[in-house]
Amino acid sequence: MSPIKVLLILPLGAVLIFLISRLRNPTVYRLTFIAFAIVGMVFVVDPELTNSIAHQLNVSRGADLMFYFCAIVGFCVMLVFYSKIRSLEAMQTLIVREHAIETVKKRIA
Amino acid sequence: MTIDPKTVFVLIPAYREALVIARTVVPLVATGYRVVVIDDGSPDDTERVLQGLPIDYLRHSINLGTGAARQTGMTYALREGAEYAVHFDADGQHDASEIPKMLEPLIAGRTDVTLGTRFHRKEDIREIPPVRRMVLRGAIFVNLLMTGVKLSDAHNGFRAFNRKAISKIQLTENRMAYASELLTIIRREKLRVEEVPVHIVYTDYSTHKGQRNMNAIHIVIDLILNRLF
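Sequence order for the protein chains is D and L. The first sequence begins at 1 in the numbering used here and counts up by one. The second sequence begins at 1001 in the numbering used here and counts up by one.
Just so you know, these hints were derived from the structure itself, not from any lab. Some hints here could point you the wrong way.
Claimed, not checked - The calculated lysine-lysine pairs, modelled on BS3-like cross-linking and capped at a C-alpha distance of 25 Å, are:
#, chain 1, residue 1, chain 2, residue 2
1, D, Lys105, L, Lys1122
2, L, Lys1168, L, Lys1101
3, L, Lys1168, L, Lys1190
4, L, Lys1101, L, Lys1150
5, L, Lys1122, D, Lys106
6, L, Lys1101, L, Lys1122
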């Protein structure tokens, strides 16, 4: 396995486990996204940096490295949004449930 | 031991069941149990066809799913002082005359939860359509893997609970995966379970309306996602 594969798979697994365990903590994922954004800005400012990092990781081009990087970011974003949707759905369920109980129509014989 | 039938809450989640719900509810009303219909946001005439029947009618303002409707019924039953709660399907698959049999182990104090099973009697097994039987065998195995609870049947929806179980169970799976989540909770809360043979009626309506076999895949995915998040 090439170094890039190890370097992508291991952190991806670690990030996944970390994010899953901390998804309910807004500070953690906000800081994670800020870190991703800063890395992105550094690459924009100095595009050659992506090429030199890519070569060190045995990736042919900086553009390919960016593609892998974006895939990881996209995956993390998807996880965070899914977690948010689950949490909103749970809240919605509670509201609908309480409303149903409050407005019950009792027709006891 | 005799019990006050009004302390038994029969919970019937209903979504688009206007065609059959009255036929299901009328025999239940005659038993003297407290009948609770949880209308899961049906756009049809479910409420209208139940008018005049001595029941408690709760309505979700939007459709949430059968798991959510059952939990609404359980929460309501608990707050109203229920001693026992029975899950009963709206589509006519369950038989009201089998409820005392489901309650007997609970009343005797032998168990906290009774689950109906179609796989204890040969005549009940024969009634299950062959493809459904195969899917159910798979579901039984998946349930064992995911919940650690070994049962002879899966997802037939006929269950009964004592007050202790009603208070311990908090379903968070809104859709069909609630049935496996329920087993996980039963195990986690160390509730005692007993299976009771029941007869499930397969009509054209219930077969068409009920769970599609492909839903098994969605149930497994929902269960995995629920574990992660």
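Do the hints match the structure? See the list:
1. Taking the CA atoms of Lys105/D and Lys1122/L, the gap is about 42 Å. The hint is violated against a cut of 25 Å.
2. In summary, the hint linking Lys1168/L to Lys1101/L is supported, as the alpha carbons are separated by about 23 Å, within the 25 Å threshold.
3. At roughly 10 Å between alpha-carbon atoms, Lys1168/L and Lys1190/L fall within 25 Å of each other, so this suggested pair holds.
4. Only pairs whose Cα atoms come within 25 Å are accepted, and Lys1101/L paired with Lys1150/L is accepted, the gap being roughly 21 Å.
5. The hinted pair formed by Lys1122/L and Lys106/D fails the criterion: a straight-line CA distance of about 41 Å is larger than 25 Å.
6. Distance restraint check for Lys1101/L and Lys1122/L: the Cα-Cα separation of roughly 18 Å lies within the 25 Å cut-off, and the hinted pair is therefore satisfied.
Of the numbered hints stated above, those contradicted by the structure are hints 1 and 5, listed in ascending order.
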